[in-house]
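Colleague: Listed below, chain by chain, are the residues.
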Amino acid sequence: MELLVFLILFPALAALVFCILPNGRLRDTIVVLVSAIIIAVTLYLFVMFAGAGTVYFDIESGMISQIMTGLEIIISAGLLYLAAKYRQYLIAGLVVVQLGVVLYAESLIQETAALNNLFIDPFSIIMAMIIGIIGSLICVYSVGYMRDYHTHHADMPDKRRWFFALLFVFLAAMFGVVFSNNLFWLFFFWEVTTLCSFLLIGYNWGDEQTRKNAFWALLLNLVGGLGFACTFAWIGLTDPSGGLIMMDTLLAAGPAVAMIPAALIGFAGLTKAAQMPFSSWLVGAMIAPTPVSALLHSSTMVKAGVYVIVRFAPIYNVTMVGYLISLVGGVTFLLASGIAISQSNAKKVLAYSTIANLGLVVACAGIGSYAAVWAAILLIVFHAIAKSLLFLSVGTVEHKIGSRDIEDMTGLLGRMPKVAVMMIIGIAGMFLAPFGMLISKWAALVAFLDAPYGFILVLLLAFGSAVTVFFWTKWLGKLIEVAWKPEPLEVKISNHEYGALVPLTVLMVAVCIGFPLLSSYLVVPYVFGIYGMTATLGQANMIIMVMMVFMVLVMPLTLLHFRKDRKILPRYVGGRPATSDMHFKGSIGVQRPVALGNYYLANYFGEQRLSHIGNGVCIAFIALMLAGILLGVIA
Amino acid sequence: MITEIIFAVGFIILAPFIGALIGGMDRKVTARMQGRVGPPVLQPLYDVFKLFEKEKAVVRNEVNFYIFSYLIFVVFTGALFFSGSDILLVIFALTLAHAFLILGAYATTSPYSHIGAERELLQLMAVEPMLILAAAGFYMATGSFAVKDIALWPEPLFMTIPLLFVGIVFVLTIKLRKSPFDLATSHHAHQELVKGLTTEFAGPTLGMVEIAHLYETVFFLGLVWLFFASMPWVGLLVVIVVYFLEILIDNTTTRVRWQVMLRSAWLVALVAGAINLGVLALL
Amino acid sequence: MSYITKSPWIIHYDGSSCNGCDIEVLACLTPLYDLERFGIVNTGNPKHADVFLVTGGINAQSEAVVKNTYEQMPDPKVVVAVGICACTGGVFRECYNIIGGVDKVIPVDVYVPGCAARPESIIDGVVRALGILEEKRAKMAEKGGK
Ligand code: SF4
Numbered sequence: 000m001e002l003l004v005f006l007i008l009f010p011a012l013a014a015l016v017f018c019i020l021p022n023g024r025l026r027d028t029i030v031v032l033v034s035a036i037i038i039a040v041t042l043y044l045f046v047m048f049a050g051a052g053t054v055y056f057d058i059e060s061g062m063i064s065q066i067m068t069g070l071e072i073i074i075s076a077g078l079l080y081l082a083a084k085y086r087q088y089l090i091a092g093l094v095v096v097q098l099g100v101v102l103y104a105e106s107l108i109q110e111t112a113a114l115n116n117l118f119i120d121p122f123s124i125i126m127a128m129i130i131g132i133i134g135s136l137i138c139v140y141s142v143g144y145m146r147d148y149h150t151h152h153a154d155m156p157d158k159r160r161w162f163f164a165l166l167f168v169f170l171a172a173m174f175g176v177v178f179s180n181n182l183f184w185l186f187f188f189w190e191v192t193t194l195c196s197f198l199l200i201g202y203n204w205g206d207e208q209t210r211k212n213a214f215w216a217l218l219l220n221l222v223g224g225l226g227f228a229c230t231f232a233w234i235g236l237t238d239p240s241g242g243l244i245m246m247d248t249l250l251a252a253g254p255a256v257a258m259i260p261a262a263l264i265g266f267a268g269l270t271k272a273a274q275m276p277f278s279s280w281l282v283g284a285m286i287a288p289t290p291v292s293a294l295l296h297s298s299t300m301v302k303a304g305v306y307v308i309v310r311f312a313p314i315y316n317v318t319m320v321g322y323l324i325s326l327v328g329g330v331t332f333l334l335a336s337g338i339a340i341s342q343s344n345a346k347k348v349l350a351y352s353t354i355a356n357l358g359l360v361v362a363c364a365g366i367g368s369y370a371a372v373w374a375a376i377l378l379i380v381f382h383a384i385a386k387s388l389l390f391l392s393v394g395t396v397e398h399k400i401g402s403r404d405i406e407d408m409t410g411l412l413g414r415m416p417k418v419a420v421m422m423i424i425g426i427a428g429m430f431l432a433p434f435g436m437l438i439s440k441w442a443a444l445v446a447f448l449d450a451p452y453g454f455i456l457v458l459l460l461a462f463g464s465a466v467t468v469f470f471w472t473k474w475l476g477k478l479i480e481v482a483w484k485p486e487p488l489e490v491k492i493s494n495h496e497y498g499a500l501v502p503l504t505v506l507m508v509a510v511c512i513g514f515p516l517l518s519s520y521l522v523v524p525y526v527f528g529i530y531g532m533t534a535t536l537g538q539a540n541m542i543i544m545v546m547m548v549f550m551v552l553v554m555p556l557t558l559l560h561f562r563k564d565r566k567i568l569p570r571y572v573g574g575r576p577a578t579s580d581m582h583f584k585g586s587i588g589v590q591r592p593v594a595l596g597n598y599y600l601a602n603y604f605g606e607q608r609l610s611h612i613g614n615g616v617c618i619a620f621i622a623l624m625l626a627g628i629l630l631g632v633i634a
Numbered sequence: 000m001i002t003e004i005i006f007a008v009g010f011i012i013l014a015p016f017i018g019a020l021i022g023g024m025d026r027k028v029t030a031r032m033q034g035r036v037g038p039p040v041l042q043p044l045y046d047v048f049k050l051f052e053k054e055k056a057v058v059r060n061e062v063n064f065y066i067f068s069y070l071i072f073v074v075f076t077g078a079l080f081f082s083g084s085d086i087l088l089v090i091f092a093l094t095l096a097h098a099f100l101i102l103g104a105y106a107t108t109s110p111y112s113h114i115g116a117e118r119e120l121l122q123l124m125a126v127e128p129m130l131i132l133a134a135a136g137f138y139m140a141t142g143s144f145a146v147k148d149i150a151l152w153p154e155p156l157f158m159t160i161p162l163l164f165v166g167i168v169f170v171l172t173i174k175l176r177k178s179p180f181d182l183a184t185s186h187h188a189h190q191e192l193v194k195g196l197t198t199e200f201a202g203p204t205l206g207m208v209e210i211a212h213l214y215e216t217v218f219f220l221g222l223v224w225l226f227f228a229s230m231p232w233v234g235l236l237v238v239i240v241v242y243f244l245e246i247l248i249d250n251t252t253t254r255v256r257w258q259v260m261l262r263s264a265w266l267v268a269l270v271a272g273a274i275n276l277g278v279l280a281l282l
Numbered sequence: 000m001s002y003i004t005k006s007p008w009i010i011h012y013d014g015s016s017c018n019g020c021d022i023e024v025l026a027c028l029t030p031l032y033d034l035e036r037f038g039i040v041n042t043g044n045p046k047h048a049d050v051f052l053v054t055g056g057i058n059a060q061s062e063a064v065v066k067n068t069y070e071q072m073p074d075p076k077v078v079v080a081v082g083i084c085a086c087t088g089g090v091f092r093e094c095y096n097i098i099g100g101v102d103k104v105i106p107v108d109v110y111v112p113g114c115a116a117r118p119e120s121i122i123d124g125v126v127r128a129l130g131i132l133e134e135k136r137a138k139m140a141e142k143g144g145k
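Protein chains in written order, with numbering that gives the first Met the number 0: chain E, 0 to 634; chain Z, 0 to 282; chain S, 0 to 145.
Among the clues, some could well be false.
[Unchecked claim] Pairs of lysine-lysine, DSS-like flavour, derived with a Cα cap of 27 Å:
(1) E/Lys84 x E/Lys211
(2) S/Lys103 x E/Lys566
(3) E/Lys566 x S/Lys142
(4) S/Lys138 x Z/Lys55
In short, the hints are calculated from the structure, not lab data.
Isolated chain E, as found in the complex (with noise of 0.2 Å):
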């Protein structure tokens, strides 16, 4: 238990710290040492119960209880005066009416002597492991980054001290969100993180479109906010006793019980992970500094979006509800894929991505099948490393080459040969056979095939993959498109920002090999222990896997070979004559640069056009959901 509170408590209080400490080589140290004794304590926290199954923990609630409404009240106080000030009157009144549907639960949930306020299960350890050690290295590249972000961005006022408290707040958060069985806990926490998220992508406050993006992201996840509050009215209404307010206890009690709160959370977290009709928010994030997108993504905020929806997957199973919240994630797999197409900035493909992969996340949990979690918690875990890797050499390459376009990284492979090859790895592991995406993906689809009417997912999922092909891969091909050997530009890239950026891609290598190890300790008990049994991919397939990552490692060998004795020739630009770094003689002399572009097909797969779509589409069916519901009230 101490683990767990240890966990939550002491990126807090190092946040308070941070928030003291000046700019310098001290507070640098000191973010590397914190980051360092956290990814420790979450590598402790996998050995000890890695094998122990769910184990709950007796905390006292009744103070720790009051201590958090003060604070949910404090926030709230905070929101309103931010939002007063800027005239958010929504914003304002949102936060209002939150607050007095908790108050008013609260009042009718008569304080049990609430046991088993915190607990761990695999997956919690899981999720444990992505924010303790991603987050963590999120944290430490923060370090170089921040820095240079700074010299880049002279301008700006440096608060940086702030900057750092918040994300290991946001990491404290986050452990709280997944190791609470109290919901009014799981709650706080999760309005914490709201709360950070919202400051984050503000980061740059004097910009006007920054702050509207964060106003935008606190808004709606304030409306799933509102969501998850309305739970708690249900609860108080229905069982003023508040057994039911223990996560355990309300998913113990069955679909007839518990469908209503499921669904209410599964809305709430629909908005936390960015699904349509409200992914604009996650889009609009990219604004922040890039390690703050990398957070975002990868091991916060839209993870606790997923993790709860995952979390209530059993009671979905089969159910109205779970499958409108699937064809809620799998429409925002294939439209936010495809509007993936469309984008040339690079921090945008990777938001869809993000988008996209959150859906199917969701359009698995929502199946709520063994199978389907089993996909889905997967998908999770490899999602956030490739996500944070992709993130964090974006964010390199950006400082170096000043731009976040696709089109400007065209030969990057030769110009920063190392991070390009972190890059490389991160997008092969976001799409391509054997590495881990792909795994997941085969497992999605065995799981909605299983489903009842699960063959519209398929469909969805057919569409979705081909689309994702598409546009992983002109990236990829803009990486590798060298057409000579330029000046190095990897010269002045931070420790700090190597420091992440190397164990990321080991980890992602390491996860892909060790797959079946992950899947057998960690995912295949959480699932057992629910369902009572589980998927797994079979031996036959297993082999074919390992066959295949190890063909892929064992290719690049043959370069050894092919370097050998080979004829250069020149390329050819119409019989015209061209140099090696590609310029051809034009007409009338002149020489000119080849210039190639990738197709972004905007024209098919814009932004506005699908979005549209997708939110008009997910909102029909939210809309039927939560009709669903209240007729369900009602009746």
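Given the coordinates of chain E, assemble chains Z and S with the ligand onto it according to the supplied hints.
Modeller: Showing chains Z and S with the ligand alone in chain E's frame:
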């Protein structure tokens, strides 16, 4: 296990020759349709052997790595298929192989190859859904993804998933690089993209691409055959008819723009998939 | 045994010609002559080609292109100059912009005279070129073997 390995090895050894024979017949029939005599039936083999007689010349050394990987993974795909493995894995391996081919074209950093690569990507995107849906259809019809189980299914699957069969035949045109869908690169001479995707591949590098293509042809015809696996001879007949149809289409149509290709391929996949899988799911 | 003579692929470049020879080259592909009988394919891509057919003389504009195209072809390769213009400059020889026949720019292996060269003689020239191609290949293999 042993039989599976035998099948895989058999494929690896025999497929290029069978593929070459098919390719030779293709050229012969095409020539006859145009009122010509045409090359010898073994011409595709001569072509490949010739390419390996040529100088080892490249635009960039790395290109060979991608192309070699392409070849290896195409062979792997086919071997998986003919040894009766999971059909989804087969499809994913094929996608990986094609990703390597496309990367090889990108790596040349040449304008014609670049556009060829983009178009090949479009082709990949056009075909992928149909392949996955066909796999889904096989699963829904037989309850297994294993090609072995599908092949041993007592009834012809064509009866249960006829629309998916039509869809596969449709995308076959794209996969075999036949007109009107030979956007990325074509067997026919003189086109606006020079040779598109393969423009910068010379000698042995091109040879590898050609061999891969032979393997691929056999693999795809195998996929067509799978719909009739319970009646092997009928299946063979269907394969011949389908391939003849492809040649006919190849010779009677002109190339379309990518929009038409993508739309039509997706439409076919959507209609075939939705109706056929839907009917299977609801029955 | 060598396969290069069984599958010679051609690239055809039309220099400063009157297009008469150009049309004759294309005529070789028609059913009447059917070059593909010999496994010949008109690739239009120097990287794939073994035989370089040039029609017309070389002028200041086409000089660079002919050179570049020749350079791009992997060994072994042969050049066939088709038509009297390609052989010597022909009727355009005295023009201010004409450099001369193809052999002023790249080495030519076979000369096919005629104005325009008849398809039969073009095919004849290509088949003659195959012998040279085979010789070159043998030489190359020998050098590689050493
Ligand atoms: S040889 Fe005669 S037909 Fe041929 S290009 Fe010259 S002028 Fe024209």
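Colleague: For every hint, state whether the structure bears it out.
Modeller: Checked hints:
{"no.": "1", "hint": "E/Lys84 x E/Lys211", "verdict": "holds, 13 Å"}
{"no.": "2", "hint": "S/Lys103 x E/Lys566", "verdict": "holds, 25 Å"}
{"no.": "3", "hint": "E/Lys566 x S/Lys142", "verdict": "holds, 15 Å"}
{"no.": "4", "hint": "S/Lys138 x Z/Lys55", "verdict": "holds, 15 Å"}
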